[in-house]
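Asker: Residue numbers (my numbering), protein chains in the order written: chain A, 1 to 317; chain B, 1 to 686; chain C, 1 to 311.
Accuracy of the hints is not assured; some may be wrong.
A short, non-exhaustive set of chain C residues, derived as facing chain A with CB atoms under 10 angstroms [what the hints assert, rightly or not]:
hint, residue
1, LEU157
2, PRO158
3, ILE275
Chain B residues, not near chain C, derived (Cβ > 10 angstroms throughout) [to be verified]:
hint, residue
4, GLY86
5, LEU120
6, ARG162
7, GLY169
8, LEU302
9, ASP386
10, GLY414
11, ALA456
12, GLY523
13, LYS556
14, MET567
15, PRO648
16, GLU652
17, GLU660
18, GLU674
19, GLU678
Here are the simulated lysine to aspartate or glutamate pairs, EDC-like style, with alpha carbons at most 20 angstroms apart [as the list claims (entries may be wrong)]:
hint, chain 1, residue 1, chain 2, residue 2
20, B, LYS556, B, ASP524
21, C, LYS222, B, ASP501
22, C, LYS216, B, GLU416
23, C, LYS40, B, ASP501
24, B, LYS410, C, ASP202
25, C, LYS216, B, GLU472
26, B, LYS150, B, ASP217
27, B, LYS410, B, ASP384
28, B, LYS557, B, GLU364
29, B, LYS503, C, GLU41
30, C, LYS216, C, ASP202
31, C, LYS98, C, ASP76
32, B, LYS410, C, GLU214
33, B, LYS557, B, ASP524
34, B, LYS137, B, ASP161
35, B, LYS503, C, GLU309
36, B, LYS478, C, GLU309
37, C, LYS222, B, GLU472
38, B, LYS503, B, ASP524
39, C, LYS141, B, GLU416
Hints listed in this document are in silico derivations from the structure and should not be mistaken for laboratory results.
Note that this is a predicted model, so its numbers are computed, not measured.
Where a beta carbon is used, it is the ideal one built from N, C-alpha and C, also for glycine.
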Amino acid sequence: MSRYLLRRLGSAVITLWLLATIVFVVVSVLPSNVGRQILGPFAPQEQVDALNHRLGFDRPIIIQYLQSMRRVFTLNFGESYTSGAPVNDVIFPALWRSGKLALLAFIMTIPVSILAGIIAARRQDKLSDRAIVNLGLATSSIPEFVSAAVLLSIFCVHWKLGKAFANPPDGATIVQQLQYLWVPALAMAITYFGYLARMTRAGVISAQHSDYARTATMKGMSSSQVMRRHIMRNALAPTITVISVQIGYLFGGIIGVERVFNYSGLGSTMLIAVGKRDIPVLQGAVLLVGIIYMFSTLAADLLIAALNPRVRLEVSK
Amino acid sequence: MTITNPDNAVKAPASSALSVTDLEVVYNVRGIPREVLRGVSFHIAPGEAYGLVGESGCGKSTTAYAALRYLPRNGRIVGGTVSVDGQDVTAMSNERLREFRARDASMVYQDPALAMNPTLRVGRQLIESFTLLGQSKTDAEKSALDALRKVRIADPERVMDRFPFQLSGGMQQRVVIAMALACDPKLLVLDEPTTGLDATVEAEVLDLVRVLRQESDAAVLLIAHNLGIIRSLCDRVGVMYAGRIVEEGPSAEVFDSPQHPYTVGLLRALPRRGVRKTERALATIPGLLPLIGSPLPTCVFLDRCAIASELCHTTAPPLVAIGDGTGRFSRCHHVDRIGEIQETPVSVDIAMLNTSAKGADVLELTHVSKTFHQRNLAIPALVDVDLSLGEGETLGIVGESGSGKSTLAKTLLGIEAADEGGSVSLDGHFVAPLTTGRSADEKRSMQMIFQNPDSALNRSWTVRRILMRSVEKLTGIKGDEANTRVEALAAHLRLTPRHLDLKPRQLSGGLKQRVAIARAFAGDPRIVVCDEPTSALDVSVQAAILNLLADLQSEKKTSYVFISHDMGVVRYLADRIAVMYLGRIQELGPTDAVFNGPNHPYTEALLSAIPNVDGEERVRIRLDGEIPSPANPPSGCVFHPRCPRAMPGVCEVSEPPLREVEPGHLMRCHIPVEQLVEMQRTPTQG
Amino acid sequence: MSESDQIEGNPESMVSTPAVDVIIPATPPAGPSERRAARKENWRLIRRRPSFIVGNIIAIVWVTCAILGTRITPHDPLDFRAKPHLSPSSDFWFGTDKTGRDVLSRVMAGARDVLKIAPPAALLGVLFGVILGMLMGYIGKRVDIILSRIVEAFLALPVVLIALLAITTLGNSSWVVLGVVAVLFTPVVARTVRSAVLAERDLDYVTSARLRGESKMFIMFKEVLPNVSGPIVVELTVRIGYAVFAISTLSFLGAGPPPPSPDWGAQVSEGFNSISAGIWWTTFFPAAAIASLVIAVNLIADAVQSVLEAS
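Work out the full structure, taking the sequences as your base and the hints as a guide.
Answerer: The following block contains the structure:
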C-alpha cells in the first residue's frame, strides 16, 4: 500500500512539473511584453523596462525557467504582479470559495445522475431510458455559462429564488450561503448530469450482461436483488473515474459560471490573472488545480480498489 | 430393421424430469424474426444424463437456456412447451420462475472465471445460494462448507475466504458446480462446462460430474461440442442441426452406428480411432451450415445430403424409430440407405508420403530459451529447447497452458527474440533472433497460420489485397504478375475469384482460415507454424482444413510445426510429437511411439485425460495439484510435485536430462524406461 | 447498446458467448460492390435514427444562416438601429439589444462565426490526435510513457484558461482560435485513439504483417488505421460539438471576435449583466442558439456512434 502511494506520489510530482512547464512555455514562448501589459499603453518605456527587469523578464530563458520551477517546488509562488499580495493569500481563499461551489454542484448532481443512469439501464430502450439518455446528451452539450445565464434569468430575476450576485456577505450562515450558491451550483450540476448518467447507464448495462449477473439470476434472485448485490459494485467504477477526471475540466467550466454570477472564486481569479498577465497568480492557480486533480484521481483509484478486490490486491502489493 | 412412422414417436414419459415438446424459438434481428429452434422435442428422466451435440448455430445452447426460460432480450418462445418435473416453465409468473430457478433447476456454463462476481468472496456467493432457499445465515454457512466438500475441495474454509480470481480454473468450476447443486436441483444444465479448461483439469471436472451424478438424481442436460465428453458422460444423446434434433438414441449406439446422414458426416469428419493422414482423408460435409432463420421447409439437411431423393424435396421427414424400440430415432426418409454414404478416399500423393524417412533438416533449434521479464520477476517460458524439423515433416507440439508451446512458435519465427546462447538455424544457416534482422528470403521461408482467423486477417482489407500484399512482399513479384499469382493461389486453396473481392467478415470461418493459409503459402515457405489452426472451427470445417494442410504439404514438401491441444488432430497430422510442460520438452518421438508408449508420466496422464468418442476407456491417471506458475517452477524435475510416479529423493533433487529411450524417442525422466513400460502395463489407480 | 448487440458475433462466437449460439448471417456475398453496400447499409441505419434526423434539422437551420448571412436576416445585424432593449414582439421576434440592434438578425448572423471555425478546428485536432495516438499505441514503450504523461498533464489543466492566455497573447483571429482549439483537443483524441490501437496491436494480423517484414509506418497507417476508423469518425463528430462549446465559451470569456461582431458567446457576454434588470432576451437567445447547435451536433454524433459501434 505504502509503495503504491509512493509510486503515485512520484508520478504526481512528474505531472505537476509538466503542468508547470506547460504554463511556463505558454507564458514565455508566446510573444508578449509583460511590463507593457501591466502598466498599460501610455506608460513611459523606461518604466516598462524597469518593471520587466524587476520581474526578471530580461534574463535568459533558462534562468527564468529555473526560477519558475523553484517557485513551483517550494510552493511559494511569489507575489501578485498587480496587487503585490502574496499569491497564496490570493488563491487559497478563492479556492475555498470555488470548492464550496463545486462541492455543492457535486452533491446536487451525483445522486440524481447515478439514479437516472440506473433507471435508464434497467429500462433499456424503453421510453424512460430514451428520455434520460437524450436529456443527458442535451445537458452535457450546454456550456456552463449558457445554463448559468439561463438559470440566472429564470431563478434569480424572474422568480427571485436566488441571488444574481453569488458572493455571500461575510459571516453568512451555511443556510444563507446556500441561498447564494444554489443557482450557480445548479448550472454546473446540469452539465455533469449528462456525463455521469450516461456513464452509469453504460456501466450498469455491461454488468447486467455479465456472466455473474446471469449466475445470480439463475440462482433465483430477483432482478432488484441482482442489481443491489452484484451489479452496482462492478458497474460504478467507470463513473467514479469520470467524476475524478472531470476535475480539471470542472475548473474550466467554473470560470464561466463564476463570471455570470460575479462570484470571486478561483475561476474569476484565474480569468483576471490572464487578463492582467499576472503570471505568479496564474501559475499558482493552475498548479493548485493540478494538485486537486491528482488527489481526486488518487481518491477515485482508492475507492475503486475498495470496491474491487482485484485492484485492491494489486494496490496493496 | 423395423420402421415405425408416427411423428409423435417421442412420447413424454410420465415421469420425465425435463420434457421439451415442439419447442420453437425465434430471435428478432433488426426487426426480422429468425427461427432458431424449429420444433425441438426430447425428454430426460430423473437421474438420466442427456447430451446435445451439433455444430455452431444449431441451437443447442438456445435449447438449454430456453429450458430455464433465460433467453436474450430479443429471443422469444413462439411454440411448444418446456416442463420441468411436471411444471410448465413457459407459463410461469415471474415470481414462480424465480422460485423455480432457486429450487428446481440449475445451470453451469463455460468460463467459470466470469460466472462468479469478481468483487465478492467465494463464500459469500455460495452462502447466498443457500440463504435464497430460506436458510439462516449460520445454516447457510455450514451448508456452503458441506457443498465445497461435496465437490472435493480439500480446504473449504480457505476457499470460502478467497476471491474467485484467486482460484484456478478447475477450482472455479468446482465452486460454480457447488452453487448449482445447492438446491439439489431436479434439472442440472451444463453448457460446455469444460471448454477452455486444460485437458487434465477438464478430466478432473468430468470425473467430478460423473461422481456427483451417482450421488444425486438430478436429470442432466449436457451441451458440448466435444463428442468424446458426451459419450463418456451421457446415457442418451440428441444430434441437432439447424434448430432440429435429427437423431436421438443411447450415446454409444449413436456414435458407433449413426443413422442420419448428418451424424454420419460429423463422425467421419473427426480424426478418430488413431487414423493417420496417410491412411485416409477426413470426410467433409459438402456445402455450408445454413444461415440462422433461413427457410428450410422440408429436411433441414437436404442441401448437404449425399443420399437425398425426390421425396426429401417435397416432404419433411418424420422422426423414425429405429430398431427394436430401444429409443433410437432418426429424422430421415432414407435410414435404410445410410450405408450408401461414401468414405472420402485419400489422395495418392499423401498416401505416398513416407513418414518414416525424415528429409534433410530445414530447421534446427539449439539450446533455445526464452525468459520474460515482468517488473523484477524473471519468467522462464521456454527452457533449453533442442529441436529439429525435417523437410516435409510435421512436428506436433502438445501441452497445457503455460507449457510454452506458443512461446516456442514465436521464438522460432522471430516474433520474440530467444535468450542469448540459443540459436535458430534454417537450412544450416543461423538466422537472426528477431524477424526484423532476417533477410527477405528467411522471412519468406517461415510463415504462420493462426488460431483465430478473425484476428489474423485484417478486417478492413479485401481478400485480394491481403494475398496481394503477401505475394509482393514475400516474393518481390509486382503488378499483374502478382495478381495472376494471387488468383492461382486462391484457386489452389479452393477459393473462388468472387471471394477475392470480399472482406473477411463476409466469409465463413472455414473460408477465412483458407485465406490465412493462402497468405502463409504466398511465398512458398519452407516452414509453416500452425498455432491451433482448427480449434476455432466446427468439426466438419476442421476436417476440410486438415485435409488441405495435408495436401499442401505432400505437394510442396513444406514442414509444419503444428501446435494443438487436440490429441486426435495431432495424431492425424503429425509425424513426430513433442510434449511440453512448463517450458520444457518432456517427451519427443514419432507419433506412434508417443501414442503407444512407453510414455513420460506427464504424457501418460495427458493421454488418459482425453474423453474418447470411440468409448475405449484408458486408465485415468489423476494428477494432483495445479499446473505451477512458470515464474516459480518446482525444483528438480518440474513435473515431480504432480507426478504419480515420482521417486522421492531423486525427482525433486535434480532435473533429468532429455535422453533417448528408443531410437528417435526421447524422454525427460529419471525412471528407467524398462520400469516405465512395466508401470504403464499395470493400472495404478482405479 | 441496441438489441442486436447481444447476438452479433463471428460464426465461432459459440465459444465466447454461450448464451446465444446464433450468428447473424453476414450480408450474403453478392459481388464486388459488396464493400460499398456495407457502407451504404451503415449510412442507411444512421439516417433512420431519430436523433440523427432531429440533429440534422437543427444543424441545417444554422448552416443555412451561416451561409446566407445578411441575405436572410430581417435586419442588418450590425448597422440597423431601433430603440434599445425592446422586448420581443411581432416586429422584433427576439427583441433588440442595448444599442437597438435586432437580436434575431444578430443570432442568425452569429452562426457564421462559430461554424467557420468549429469543424476545421475539430478536424485538425483529430488529425493531430490520431497521429499522436497511433504513435503512443503502436510504438508504445518509452514514447507511450512520455506522451501519456503529457496527455495526463493536459487533462489536469484548466484548458480553457490556457487557451484564453494563448488567444489574448496571440490575438483573437479565427486562425488562432482554430489552432488553439485543435491543440486542446489533441490529447483527448490521442487518448481515445491510443486505446483503440492498443486493442488492435495484439491481433494476429499485425503479427502476420511483422512476419512478412512490413515497416512500422506501414503497419500503423495501412493496416491498423482503417480498423480504428470507427472510433475516429465518432470522435470527429463529437469534437465538432465540443469545438462549438469551446469556441463560444472562449468568446464569452473575452477571447472572441471584437465587439460589433454578432458572435454568440460575445453576445451573451454583453447581455448577461442586464439580466438583473429584467432584460433576458439579449442573453437568452444567443445562449439558446449555442445550446441548440451543440445539442444538434451531439445528436448526430450519438446516431453515428450507436450505428458504428454496433457494426
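Asker: It remains to establish, for every hint, whether it holds in the given structure.
Answerer: To see whether the hints hold, each was checked on the structure:
For LEU157 (chain C), the shortest C-beta to C-beta distance to chain A is roughly 6 angstroms, which falls under 10 angstroms, so the interface hint holds. This hint holds: PRO158 (chain C) has a C-beta 4 angstroms from the nearest C-beta of chain A, less than the 10 angstroms allowed. Taking 10 angstroms as the C-beta contact cut-off toward chain A, the hint placing ILE275 (chain C) at the interface holds, the least distance being around 5 angstroms. With a least beta-carbon separation of about 27 angstroms from chain C, GLY86 (chain B) lies farther than 10 angstroms from that chain, consistent with its non-interface assignment.
A cut-off of 10 angstroms between C-beta atoms confirms that LEU120 (chain B) is not in contact with chain C; the least separation is 22 angstroms. No Cβ of chain C comes within 10 angstroms of the Cβ of ARG162 (chain B); the nearest lies about 25 angstroms off, and the non-interface call holds. The beta carbon of GLY169 (chain B) is kept farther than 10 angstroms from every beta carbon of chain C, the shortest such distance being approximately 15 angstroms. Remark: the non-interface label on LEU302 (chain B) is consistent with the geometry, its nearest Cβ contact in chain C lying 18 angstroms away (cut-off 10 angstroms).
Once the 10 angstroms rule is applied to beta carbons, ASP386 (chain B) is consistent with being away from chain C; the minimum gap is 24 angstroms. Listed as outside the interface, GLY414 (chain B) is inconsistent with that label: its C-beta sits roughly 8 angstroms from the nearest C-beta of chain C, within the 10 angstroms cut-off. With a minimum CB-CB distance of about 4 angstroms to chain C, ALA456 (chain B) fails to clear the 10 angstroms threshold, and the non-interface call is violated. Residue placement check: GLY523 (chain B) does not keep its beta carbon more than 10 angstroms from all beta carbons of chain C (closest about 8 angstroms).
Remark: the non-interface label on LYS556 (chain B) is consistent with the geometry, its nearest Cβ contact in chain C lying 18 angstroms away (cut-off 10 angstroms). Listed as a non-interface residue, MET567 (chain B) keeps its Cβ farther than 10 angstroms from every Cβ of chain C; the least gap is roughly 19 angstroms. At roughly 42 angstroms, the least C-beta separation between PRO648 (chain B) and chain C is larger than 10 angstroms, which holds for a residue marked as non-interface. Residue placement check: GLU652 (chain B) keeps its beta carbon more than 10 angstroms from all beta carbons of chain C (closest about 37 angstroms).
Non-interface status of GLU660 (chain B) relative to chain C is upheld: no Cβ of that chain comes within 10 angstroms, the nearest being about 34 angstroms off. Listed as outside the interface, GLU674 (chain B) is consistent with that label: its C-beta sits roughly 44 angstroms from the nearest C-beta of chain C, beyond the 10 angstroms cut-off. With a least CB separation of 41 angstroms from chain C, GLU678 (chain B) remains clear of the 10 angstroms interface cut-off, as annotated. About 8 angstroms separates the Cα atoms of LYS556 (chain B) and ASP524 (chain B), which keeps this hinted pair within 20 angstroms; it holds.
For the given pair, LYS222 (chain C) sits about 18 angstroms from ASP501 (chain B) by alpha-carbon distance, which is consistent with the 20 angstroms threshold. For the hint linking LYS216 (chain C) to GLU416 (chain B), the alpha-carbon distance of about 16 angstroms falls within 20 angstroms, and the restraint holds. A C-alpha spacing of about 17 angstroms is found between LYS40 (chain C) and ASP501 (chain B), which places the hinted pair at or below 20 angstroms, so the restraint holds. Taking the CA atoms of LYS410 (chain B) and ASP202 (chain C), the gap is about 13 angstroms. The hint holds against a cut of 20 angstroms.
Distance hint between LYS216 (chain C) and GLU472 (chain B) is fulfilled; the C-alpha atoms sit about 17 angstroms from each other, no more than 20 angstroms. Note on LYS150 (chain B) and ASP217 (chain B): the hinted pairing holds, with a Cα-Cα distance of about 15 angstroms set against a maximum of 20 angstroms. Straight-line distance between C-alpha atoms of LYS410 (chain B) and ASP384 (chain B) comes to about 15 angstroms, which keeps the hinted pair within the 20 angstroms bound. At most 20 angstroms may separate the alpha-carbon atoms for a hinted pair to count; LYS557 (chain B) and GLU364 (chain B) meet this at roughly 17 angstroms.
A C-alpha spacing of about 15 angstroms is found between LYS503 (chain B) and GLU41 (chain C), which places the hinted pair at or below 20 angstroms, so the restraint holds. With a C-alpha separation of about 14 angstroms, the suggested pairing of LYS216 (chain C) with ASP202 (chain C) holds against the 20 angstroms cut-off. Our distance criterion of 20 angstroms between C-alpha atoms is met by LYS98 (chain C) and ASP76 (chain C), whose separation comes to about 15 angstroms. Taken as a hint, the LYS410 (chain B) and GLU214 (chain C) pair is honoured in the structure, with Cα atoms around 17 angstroms apart against an allowance of 20 angstroms.
Among the hinted pairs, LYS557 (chain B) with ASP524 (chain B) is consistent with the structure: their alpha-carbon atoms are about 10 angstroms apart, no more than 20 angstroms. Between the alpha carbons of LYS137 (chain B) and ASP161 (chain B) the distance comes to roughly 16 angstroms, so the proposed pair stays at or under 20 angstroms and holds. Taking the CA atoms of LYS503 (chain B) and GLU309 (chain C), the gap is near 18 angstroms; set against the 20 angstroms cutoff, the hint holds. Note on LYS478 (chain B) and GLU309 (chain C): the hinted pairing is violated, with a Cα-Cα distance of about 37 angstroms set against a maximum of 20 angstroms.
For the hint linking LYS222 (chain C) to GLU472 (chain B), the alpha-carbon distance of about 15 angstroms falls within 20 angstroms, and the restraint holds. A distance of roughly 24 angstroms separates the Cα atoms of LYS503 (chain B) and ASP524 (chain B); the hinted pair therefore is violated under the 20 angstroms criterion. Proposed proximity of LYS141 (chain C) and GLU416 (chain B) is supported: the alpha carbons are some 16 angstroms apart, at most 20 angstroms.
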